[in-house]
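Residue numbers (full-length UniProt numbering), protein chains in the order written: chain Y, 1 to 440; chain U, 1 to 440; chain P, 1 to 440; chain A, 1 to 440.
Hints may be right or wrong, so weigh each one.
Note: identical chains are not told apart, hence a pair may lie in one copy or across any two.
Claimed, not checked - As a list, the in silico PhoX-like pairs of lysine-lysine whose alpha-carbon atoms are at most 25 Å apart:
no.	residue 1	residue 2
1	7	148
2	165	253
3	328	165
4	34	253
For the record, the hints were derived by calculation from the structure and aren't laboratory data. As the structure is a prediction and not an experimental result, all values here were calculated from the model.
Protein chains: 4
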Amino acid sequence: MEGLDDKLILNVGGMRHETYISTVRAFPGTRLYKLTEPPPPGSPAAQGPPVREFFFDRNPELFSYVLGYYRTRQLHCPNDVCRDVLEEELAYWGLAEAPLAPCCWLKLSGRETRTQDFLSWEACENANLDERLLLNPMEGQGLRNAWKPWLWVLLDQPQSSLGAKCLSLISTLFAVCALVIFFQETEVQLDYFSANFTPMGHGVGVGGSQQQQQQQNNGLVYRRAPHLLYLELLCSLWFGTELFARAISCPDKVRFLCSPLNLADIFCLFPVLVELVVGDKAERQPRLSLTLGAIRSLYVLKLVRLLGFLEKSLALRVLVHTLHSSWKEVCAFLLIWVAEILFFGSLFLYGELLGMSAPGQSELHFGDIFTCLWWTVITLTTVGYGDVYPLSAMGQLTAAVTATVGMCTGVLLVPVLLVRFQRYYAVALARQKLRPSGLL
Amino acid sequence: MEGLDDKLILNVGGMRHETYISTVRAFPGTRLYKLTEPPPPGSPAAQGPPVREFFFDRNPELFSYVLGYYRTRQLHCPNDVCRDVLEEELAYWGLAEAPLAPCCWLKLSGRETRTQDFLSWEACENANLDERLLLNPMEGQGLRNAWKPWLWVLLDQPQSSLGAKCLSLISTLFAVCALVIFFQETEVQLDYFSANFTPMGHGVGVGGSQQQQQQQNNGLVYRRAPHLLYLELLCSLWFGTELFARAISCPDKVRFLCSPLNLADIFCLFPVLVELVVGDKAERQPRLSLTLGAIRSLYVLKLVRLLGFLEKSLALRVLVHTLHSSWKEVCAFLLIWVAEILFFGSLFLYGELLGMSAPGQSELHFGDIFTCLWWTVITLTTVGYGDVYPLSAMGQLTAAVTATVGMCTGVLLVPVLLVRFQRYYAVALARQKLRPSGLL
Amino acid sequence: MEGLDDKLILNVGGMRHETYISTVRAFPGTRLYKLTEPPPPGSPAAQGPPVREFFFDRNPELFSYVLGYYRTRQLHCPNDVCRDVLEEELAYWGLAEAPLAPCCWLKLSGRETRTQDFLSWEACENANLDERLLLNPMEGQGLRNAWKPWLWVLLDQPQSSLGAKCLSLISTLFAVCALVIFFQETEVQLDYFSANFTPMGHGVGVGGSQQQQQQQNNGLVYRRAPHLLYLELLCSLWFGTELFARAISCPDKVRFLCSPLNLADIFCLFPVLVELVVGDKAERQPRLSLTLGAIRSLYVLKLVRLLGFLEKSLALRVLVHTLHSSWKEVCAFLLIWVAEILFFGSLFLYGELLGMSAPGQSELHFGDIFTCLWWTVITLTTVGYGDVYPLSAMGQLTAAVTATVGMCTGVLLVPVLLVRFQRYYAVALARQKLRPSGLL
Amino acid sequence: MEGLDDKLILNVGGMRHETYISTVRAFPGTRLYKLTEPPPPGSPAAQGPPVREFFFDRNPELFSYVLGYYRTRQLHCPNDVCRDVLEEELAYWGLAEAPLAPCCWLKLSGRETRTQDFLSWEACENANLDERLLLNPMEGQGLRNAWKPWLWVLLDQPQSSLGAKCLSLISTLFAVCALVIFFQETEVQLDYFSANFTPMGHGVGVGGSQQQQQQQNNGLVYRRAPHLLYLELLCSLWFGTELFARAISCPDKVRFLCSPLNLADIFCLFPVLVELVVGDKAERQPRLSLTLGAIRSLYVLKLVRLLGFLEKSLALRVLVHTLHSSWKEVCAFLLIWVAEILFFGSLFLYGELLGMSAPGQSELHFGDIFTCLWWTVITLTTVGYGDVYPLSAMGQLTAAVTATVGMCTGVLLVPVLLVRFQRYYAVALARQKLRPSGLL
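Work out the full structure: start from the sequences and follow the hints.
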């Protein structure tokens, strides 16, 4: 055991650490090592007894880990220490190159990696907040712009005031009305279509010319009740006015145009306009009329605005943000999904052909490769209508593999999504709590 | 290096922190800064040597972070410190405005955000407990009310005593009996219905009038065996008595009425009563008789009470509480679900119509939009009966997208539910452990 | 500010805490409060200056939280402190009744609640270990028992030695052989059955009596090739010998009998035995012969023993343990599952009947309620064969609800299972690491 | 209370712990106990007052847990301490055998068990990195090898340079071209097959010989347009050249050959070569021609290389690593999956046979056990085409159990996969953050 004289007292921020000089001499060139070097002969410190106590104005707790590194030659660190803090301390003590012990690698990162999530979520929420609370209404201070924020809040936030609630309710009623008209219209179109087109292929022989005749007549007859058209025009007028008002009062036009719901609103206006312009000709061109109908199905998306009545739940906002921020994974999954469909579709085709080439089999269920791809989608998603299914043993083997892969693909999505969701949710909860306090 | 004279000793709760005066002068106006200000000339402290040691009766560990803020100008905090504690300390030292370093934002919130979960779960469990253990039996102290708690415990808690177990067993037997009667009855109704209604559409021609005749006869013949009616009446009497007893002995009538199981019990009583009142006329009105049958299927819910025999598992109680407390997310998902059905249903309709308008195709699988919506539900849930499926390429494309979206919707539900469940479960486990000790 | 005289020095385990007497007097009756009481006049301590420093041989870190309680009247605790330790300290300082601040409730429980999991998993693994390594071979020390552990290890642990590997391989070959025989046999039975039974219902008229004749003949003809029977007898002899050897050498007979795989082995022996005893009569009683065949399908379970070749993975063992230990939840889910089937089956029946009672509909898809229940299972699991599906709007509505509920039931299973699995897995990993070190 | 004389001062690394001698005498033989032994009479220490203060150059914080062990006879440890550190300290103080209190078992393991994950992920990433950045290009320093790394980077990393991007784009175009040719060819093959093979079984009687004739003719006619063959040859030449270049420039040939994508590339070359060699004979041997087609479906896998355009997301790399490293669990699940199929297939066969042996039933849906196994796969994966489904009550019961088990099997996969994914993802995130700093 070394004598007491060999001890060194290191007063770091008031906490007195004591150690042997030999311990400190473990790593030459560091700040602590230099303390033990004899003073140059001419200096005043060379006279008198050697100094044994040194004061450093540093964090006393991290220093105990630094001293531990001298004692055991292994650098550990306290749990969940901030990396910046640790690096600064190590640099001060001249140990910037010291390797951290493997058991502590993960101690550093715990919260560290989440800061990025925090900032990403913060940005997302602030953007929403700005648009919502119009924190930048001061841009155009003129009289002309005074009503803009007021209008925007009125139109975009159903919960902000009684007027906003009423407006939102009226919009919803118009949307329901448009939907009812749309459903009515599908009935008419379906009747017209059934009468004119489908039997054409299965002509019953004798009545062929009569039918042909009737088709012409029907072709002229197809027209929805005019009052429905006018009612839909009324709805469209309301929707157009509302959309216009929201567009000019919106503080951020780019965000406004990129929102899928707003795009759907814009497209919704076309069908009625086109129908008015084209007039009677639309009925004679069933393909145009059907396309207009397909666009009309966007009316349904207006119902999604009803979500605004519920105060938007945190979990859902986080879910949307998760999907947004993991677009790369979503793209990759879509690519893999398409590759799976093409691959198993081709395998299925040849599996069936190889299996069916034995004599005495029944007819194939498909006539081209697109039906095979259709079958693959329906099998991978485990829907399994049963309109196409394998008949030979080899085709069944392919189908078994396809179904198993499909089941697993769904399962593989869960962890990727879940892990990101959990992190954003933790961050969102923290932010929700910390915001009101002055700490953030 | 500054001289020793420039050092300051801060004895905080017994731990002596030492630092330079220059360090402390980093933030003017704070409590520490004021220590370094020279005393007013006239005061007694101005004489004699300047005081270099100060005592503060505060938490010594958090003070090291406060001092670190003076040294590095970054405010860190220990892991999982309670926010209240940190804010109080910062306020004391005059640093209430100090911004926390980003790497520590999440350190604060770890447990903090869970306290709310804790209280929510606590409230839920206490409500159950009160109802269960009748912690408020003192309300009406009279003789008349002495039996109420006793009766309630007897009826509501199958595991409390031998009598309660027997009663519960008898109730279960009656429920099984009622179910058997109910199943017997469906057979009779199904026979009657098959004989009378379904062939009407497909009349076989010659035997039409005879059948008509027979139908009249059957109409009169339909009557279930009277002993079954009486047996069911007996069951209903038991159920009614039990329900009445539970209703009057229940300490919290509102909770009692809001429980879906109790509501089902009330509705269960109607069918037999109505049948007794209406008598023979019920058989002549098949619609009424079928409606009564549909209500009878609530008998099945009585079996759910069997769960009471198992001591309710913690995981299941937490699951129910999770669903309760995330009703907002459940509503939003239902709304999205409905919007998906309407949207993809319309798309499918027009996809098929557009695809089928080419000549030479077979007949459509649907005749109105409601069949399309039905198809959408069955595809989104990946059930896929195969009664309706797309025949054209465009319809198949729509169906492929619908099936993929349906598969993903199920997956998206998992994280939202899981994250909340995990938090409540952790809290519930903690409570279960802490309750017996005196700490809570 | 109080004078220095009012300070108290509390030397707890070497760490000197200083505080004011007034702080300590916050909670009368506690150990610290008593220090501040003036000594009884006659005692020697009453003379001389009052003692200002006290020594306690306790944990110095927890004491700082105790002192914090005196200062702020809120009891906090360090993160993840062991509850026993905290309670002991509080009891020593006379603060057993002190309520913990809500923000710290969850700090205590973090690891605490897992100890139980640890012990449960430890018990499960030790039981396996005992059986495996025969830690208790000393029970019957006689010469007669010396071979028991050796035999058990040989038979039960395919990886223990070369002999064990060979034995296991031979068993697997016999199992495959038995499976092949079994599959051969199904062909014979299927042919026999198709020839005799199925056409009976659809008698083709003229050839009725001939067929009847042929059936008699077939009835006599049905007999599998004798060499297959003898080969299967050979397999069964091997299986029986192996099972017997394992049974007598097993150290724990009860566990042996409770294992489902061993039970399956026992049942596997019956079919051949019964067939030998009954002899030719079996072929004349198709029902008996089919039942024997159904039992033979247990041969498949012998393949599961192949899992022994893989060194059992930790994750799978934890999964099995999770399912074992959450039998209560599994039971509850089964009960809910059955209730769902009964409830939606009844609803579907009446939905269809109500919807179909309008004239001009096609025929129902079901003839009794059991077909409805069958439909419900197939819809809830989202299989959806399409043999039964709703035809009326009301039935389709019921089906839509059923399919949605079925999709959600699967999702609800995930969190319950996952949370338990995660905890056991963490514990199992910890145990795997800690076992080799002497700490456990 | 013991006198002050009985106190011992233990100065451990500068922190002065004080305790009673009696406390330290709790565990004889340990280093602390020896301090309290009286010195041997003749030694110099025996004269003079007994030493009361000892200095140890060890970690002061862990020592407080060691002292706590003497005080309370329970060994606790701080949260997330590194096991090596704790063991070293305990060994120093002579307490290597001390059992850790159960509540602290899990404190040790928290990060410890993850180090292994860290190293496994590190190895995986470094292997990729080496291959990518060619950290070992110095092996063969000759002029001949200078272009190797350059070529490898050019071919394997689409994002590295503009040339690499162009090359990758050209490859993708060729792949799309090959796919289009492949799809064209399926049309021809399908037509040929439909014309020649399927009707053979359902011969229409009279036209039999004509058809036979026509088949011969068709057999000669089947030949795809020559320009398609030459175009495919061109594609194959490109693919072959690229594959060859990548093979010779690849730094690690074994890894190159083990990659499934590269194997698929190699197999892709065969069909065209074989077709060129065999020439017209291929068309006369439909089986060969179909097998070549099946191999051609590997062209699809070339599309997966498009993933390289996206910078590979961390989550996906972790997912692949998770699947790689849990091959044992995947194997076990496959084995269980096969056993489930065989078991439920056999049960279903006998269930149906037993249920159908009652007279008056319709025909079976299957003719051999392989159809039963096929049905089992389709039911377990909840696809449910509806080509085979049970008709009898017993078969339906089997099917209900099968469907429920299938639904649960998918759910059981989630936790096993998720837990591993979460750990690897945490580790991967940590590594991503720590790499740039010098700490790792």
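Evaluated hints:
1. 7 <-> 148: This pair counts as neither: shortest intra-copy Cα distance 75 Å, inter-copy 60 Å.
2. 165 <-> 253: within (24 Å within a copy, 35 Å between copies)
3. 328 <-> 165: Classified as between; 19 Å across copies, 38 Å inside a copy.
4. 34 <-> 253: For residue 34 and residue 253, neither the intra-copy (63 Å) nor the inter-copy (52 Å) Cα distance is at most 25 Å.
Hints 1, 4, counting from the list given before, are not met by this structure.
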